[in-house]
Amino acid sequence: MRSWRRNRETGLEAELRANRPEPSRELVHQLEARVRQDGRQARGGFRVAFVSAIAVGMLAALGSVGGFAYAATGVGDAVAKATRIVHVHGVTQVHKSAARDQYGKPKAKKCRKGTKRVKGKCRKVKKARGVNFRKPPFTG
Amino acid sequence: MFRVDPLANLEPLIRRVYSYVAYRVGDGPDAEDITSETFERALRYKKSYDASKGEPAAWLIGIARRCIEGRPLSHELSSEHLETADHRDLEDDALRRIALSGAVGRLEERDRELIALRYGADLTARQIADVLGAKTNTVEVALHRALGRLRAHLEGGDSAPVRKSQAGR
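So the protein lines, in turn, are chains A and B.
Position 109 of the first sequence, counted from 1, bears residue number 243 in our numbering, the numbering being contiguous throughout.
Position 77 of the second sequence, counted from 1, bears residue number 1288 in our numbering, the numbering being contiguous throughout.
Honestly, I wouldn't trust all of these hints.
Which stretches of chain B does chain A cover? Using the computed rule of at least three CB atoms under 8 Å from a CB of chain A, they are [claimed, not checked]: (1) 1240-1247; (2) 1266-1277; (3) 1305-1316.
Ranges of calculated distance between the beta carbons of each label pair, as one might list FRET restraints [unchecked claim]: (4) E1302/B x E166/A: 26 to 34 Å; (5) E147/A x E1280/B: 20 to 28 Å; (6) F180/A x T1335/B: 46 to 54 Å; (7) A152/A x E1280/B: 22 to 30 Å; (8) G173/A x G1359/B: 40 to 48 Å; (9) A152/A x T1335/B: 15 to 23 Å.
What the hints contain is simulated information worked out from the structure, not anything from laboratory work.
Just so you know, even glycine gets a beta-carbon here, dropped at the ideal spot from N, CA and C.
Please model the complete structure; the sequences and the hints are all you need to start from.
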């Protein structure tokens, strides 16, 4: 026998609530996945906006206290140091070393009397004619 | 301004919307399609939700109502389902459920909507009044009458849809 006949005055509303049609599990999962996917997309956009806002805020704060000049100086120093470290030097010749001292200085050839070294070669020194410089007399 | 997400607690909302739609158009693929369409529209117009105007459930039911109105449906499907299922050796509660949904299906469109809003979507009389644009008292009286007619159908065991028999009035 149907139950609403037994308690028809009070039971019908409860029957309607208890026996209301339920969605299939697939439908619930499908709709949940759809909404979740949409939420993920929305959150992605929100994240980008949030990070942009933070960056703009930080730049504004830095700009207001002269942070850009400070940062530029810091960056310049860092670049200079990095350049000095990274710069490739040529082969370094050590001019004064123990090895060189071992053999002494190379002797330069002396020019013969009456010659003078001009551009690496010994040349005769021409005396200008008629020009005699007398020594000043010895005055004690 | 901080926005309230109307689809935050999703599963109960899906159940309420589906129950409402199924009471209106019958349990099955039509109800599933309309429920899916309702949530698609809800996602599209999520930003238009205003928490000060009502609960998310009422907002979704409003969308579902418009989905049902904009969709041609064969309401006789639920009656056919009832007749074929009646011959099977089903459990008592399953039989009761089928008979109940069949009786709801035989109600007039207006009565069925009230029953669906009250017992399917689980809205209060005041929320129903907001959705239908009527007074709360009017809704309560109409609901009481709808329940009386449903009871009469259940007791009478009348299989002919009331909508058709009352169309000539």
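These are the hints, each one checked on the structure:
1. Counting residues of the segment 1240-1247 of chain B whose C-beta sits closer than 8 Å to any C-beta of chain A gives 4, which meets the bar of three, so the coverage hint holds.
2. Judged by the Cβ-Cβ criterion of 8 Å, the segment 1266-1277 of chain B is not covered by chain A as claimed, because only 0 of its residues qualify and three are needed.
3. Coverage of the segment 1305-1316 of chain B by chain A holds in this model, with 6 residues showing a Cβ closer than 8 Å to a Cβ of that chain against a need of three.
4. Range check, E1302/B to E166/A: about 29 Å between beta-carbon atoms, so the 26 to 34 Å window is met.
5. At roughly 26 Å, the beta carbons of E147/A and E1280/B sit within the given window of 20 to 28 Å.
6. The hinted window of 46 to 54 Å between F180/A and T1335/B is violated, with their beta carbons roughly 34 Å apart.
7. Distance hint for A152/A and E1280/B: a CB-CB separation of about 28 Å, consistent with the stated range 22 to 30 Å.
8. Between G173/A and G1359/B the beta carbon distance is about 44 Å. The supplied range of 40 to 48 Å therefore holds.
9. Between A152/A and T1335/B the C-beta distance comes to about 19 Å, which sits within the given range of 15 to 23 Å.
Consistency note: the structure conflicts with the earlier hints numbered 2, 6.
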